[in-house]
Amino acid sequence: MSDFALLTAANLGVTLAGRAVLHDVSLSLQPKHLVALVGPNGAGKTTLLRALAGLQASTGTIQVGGEALSALSLRERAKRFGYLPQGHVVHWPLDVKDVVALGRYPHGGTDPARLSATDEAAVQRAMQATEVMPFAARRVTELSGGERSRVALARVLAVEAPIVLADEPTASLDPRYQLDVMKNLRKVADDGVLVIVVTHDLGLAARFADTVLVMSDGRLVAHGAPSKALSDTIMADVFRISAYRADYRSETVILPWSGI
Amino acid sequence: MVIPAPSARRPIVVTTVVLAVLVALLALGSLGTGPVKLSPVTVLDALFGGGSDVQQTIVREIRLPRAILGLAIGAILGLSGAALQGLLRNPLASPSLFGAPQSAAFGAVLMIALGWADVRSWALPVAGITMAFVSVFVLLSIAGRSAGLLLLILAGLAISSLAGAATALVMNLSANPFAALEIAFWLLGSLEDRSFRHVQLALPFIIAGAILLMTRRSAFRALSLGEETAQSLGVDVGRLRLLVIVGVALGVGGAVAVTGTIGFIGLIAPHLMRPLIGHDPGRLLVPSALTGAALLLAADIAVRLIPSTTDIKVGVLTSIIGVPFFLYLIVRERRALGGGIA
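Residue numbers (the numbering used here), protein chains in the order written: chain A, -5 to 254; chain B, -7 to 334.
Worth double-checking, as some hints may not be accurate.
Claimed, not checked - Pair by pair, the computed Cβ-Cβ distance ranges are:
| hint | chain 1 | residue 1 | chain 2 | residue 2 | range |
| --- | --- | --- | --- | --- | --- |
| 1 | B | I203 | A | I235 | 35 to 45 angstroms |
| 2 | A | P87 | B | V323 | 49 to 59 angstroms |
| 3 | B | V5 | A | D185 | 49 to 59 angstroms |
| 4 | A | L68 | B | G41 | 46 to 56 angstroms |
| 5 | A | G139 | B | L142 | 22 to 32 angstroms |
| 6 | B | F177 | A | T112 | 58 to 68 angstroms |
| 7 | B | I54 | A | L66 | 56 to 66 angstroms |
| 8 | B | I203 | A | S67 | 16 to 26 angstroms |
| 9 | A | A240 | B | G136 | 21 to 31 angstroms |
| 10 | B | A294 | A | L66 | 53 to 63 angstroms |
| 11 | B | V5 | A | Q122 | 22 to 32 angstroms |
| 12 | A | L66 | B | F40 | 52 to 62 angstroms |
| 13 | B | L142 | A | T112 | 42 to 52 angstroms |
Claimed, not checked - If we take Cβ atoms under 8 angstroms as the criterion, some of the chain A residues that face chain B in the derived model are:
| hint | residue |
| --- | --- |
| 14 | L21 |
| 15 | A51 |
| 16 | E61 |
| 17 | A65 |
| 18 | A72 |
| 19 | R74 |
| 20 | F75 |
| 21 | V83 |
| 22 | P87 |
| 23 | W251 |
| 24 | I254 |
Just so you know, the hints here were simulated from the structure itself, not pulled from any lab data. For every residue, glycine included, the Cβ atom is placed at its ideal position computed from N, Cα and C.
Using the sequences provided together with the hints, build the complete structure.
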């Protein structure tokens, strides 16, 4: 495992409408890691994700692969981050392949009908990895929620960025698709990408992530391996719950059990 | 597994070529229609220096500016509609529903009433463009990032009403009743009796606006995924908004300054194209422009053919056709509208 820091943030702060939404967050993350970002509603998870991608103005410094984020043009940033927002809306009934091809936008592949060989290959790889090939020629609006979430993921993978940021990619999916999405992201991380996933599902976080970041009131309060970061103290102090813990087939199981 | 090449390509090329031919034929028709009917062959002959002197004068000096303006203004209205719909990811966006032509008309009318400009001066398009810019800018500022359907339509209604009221006030205060009458007729929107002077006034702005909007086409496509995702793909959304507002203002303001308000072409044109070439907002731009040109040329031919004692203004005809179409769209989008502002 490499200990080269791909993404670092120092003293990150965001103030929205006079309220400090993000406060003094510092972190250092490595490639080939799946990082789960968890915390109660309003803890600042999405804000942190957006700040890291440069989509939200912030104080402090962010470095990507040794370069300052603030010194990078919008297009250069776009090549480094694949960003999957909450809800992954598509406003027009576009063809699935055209949506996935938008992932090549930062690389200059702006017209899905005229992709270069490199862009086309990346689109095919992304569609294969997420198994959207069977409905590549259909319109996104005709797909089920699960299929649509795979298309959204394919679009992000098509960027072939060293960092993938996903905001609640498992929200409103049935259990089967939740597992599919997490397995996909796990595979992406194993292939060398730094994947940061915002999620409310502590069970999925504990099982799939290498590292868990816990946020509370705009601060990073825990940072480490799942069993360490999701300790009983954190569960009680941050989430105000107790959790059932076990090992099943040598994987960590954490199940939120009751409120405190 | 191999994905078949996107079948969307061919229909677009075919549709575009068919539309271009249709526009050319309608332009010929426009040159041939009027008190003196001329056949397409005679028109072509006169256009390139043949035929009698009278025919040459009719075609080249009287009808050619009218046809050029019809084509260019129809095209920029169709293009503006498609661009606004792409920017806002909203099928009910269009310059006329946003009050842009009405505001541009107010700017131009104010210039005339204050005596700062006659109907052939550069001050008219400049005033029109400025007011069109202000109106679209204010509208998009009110709508904010979410740009819900209901909010846009209400804000557009407010802005066009305000522009209409301001125009009415100017006419009300006008010292000369004939000037007021002249303004009122001019507001109805017409391509009649336009000269090459008018073409000179409007065309540079229309071309500049068209170029500005056309060069944004791939950004509209990225915007299909929402502003945040588009931004994450490298689109500067704030800058894009501003450029689209400037492009629409240049085109619509320039057009209104020489023809008065001609509405609804920008709303209708993209809708006619979607069933043929799909919803990709980038690919819709050129076909929508051609459709807009065809619609306005056809409407302008129709007003010369419809028998009536007074001339029907082309702006009146496009509104008579356009408003029921707008109602039809409202019915179709009923669910989205009923769903509230978000």
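Structure-based check of all given hints:
1. I203/B / I235/A: 35 to 45 angstroms: Since the Cβ atoms of I203/B and I235/A sit about 59 angstroms apart, the hinted range of 35 to 45 angstroms is violated.
2. P87/A / V323/B: 49 to 59 angstroms: Since the Cβ atoms of P87/A and V323/B sit about 19 angstroms apart, the hinted range of 49 to 59 angstroms is violated.
3. V5/B / D185/A: 49 to 59 angstroms: violated, 39 angstroms
4. L68/A / G41/B: 46 to 56 angstroms: Given about 53 angstroms between the Cβ atoms, the range holds.
5. G139/A / L142/B: 22 to 32 angstroms: Between G139/A and L142/B, where Cβ atoms are some 26 angstroms apart, the hint holds.
6. F177/B / T112/A: 58 to 68 angstroms: holds, 59 angstroms
7. I54/B / L66/A: 56 to 66 angstroms: holds, 58 angstroms
8. I203/B / S67/A: 16 to 26 angstroms: Given a distance of about 23 angstroms, which is inside 16 to 26 angstroms, the answer is holds.
9. A240/A / G136/B: 21 to 31 angstroms: violated, 48 angstroms
10. A294/B / L66/A: 53 to 63 angstroms: holds, 55 angstroms
11. V5/B / Q122/A: 22 to 32 angstroms: holds, 29 angstroms
12. L66/A / F40/B: 52 to 62 angstroms: holds, 56 angstroms
13. L142/B / T112/A: 42 to 52 angstroms: holds, 44 angstroms
14. L21: At about 20 angstroms, which exceeds the 8 angstroms cut-off, the nearest Cβ of chain B leaves the hint on L21/A violated.
15. A51: violated, 12 angstroms
16. E61: This interface hint is violated because 16 angstroms lies over the 8 angstroms limit.
17. A65: Not OK, violated: A65/A not within 8 angstroms of chain B, min 16 angstroms.
18. A72: Holds: closest Cβ of chain B sits about 3 angstroms from A72/A, inside 8 angstroms.
19. R74: Violated, about 10 angstroms.
20. F75: Cβ of F75/A sits 6 angstroms from chain B, so the hint holds.
21. V83: holds, 5 angstroms
22. P87: Hint on P87/A: holds, closest Cβ of chain B at ~5 angstroms, below 8 angstroms.
23. W251: violated, 35 angstroms
24. I254: violated, 34 angstroms
Against the hints set out earlier in the document, violations occur for numbers 1, 2, 3, 9, 14, 15, 16, 17, 19, 23 and 24.
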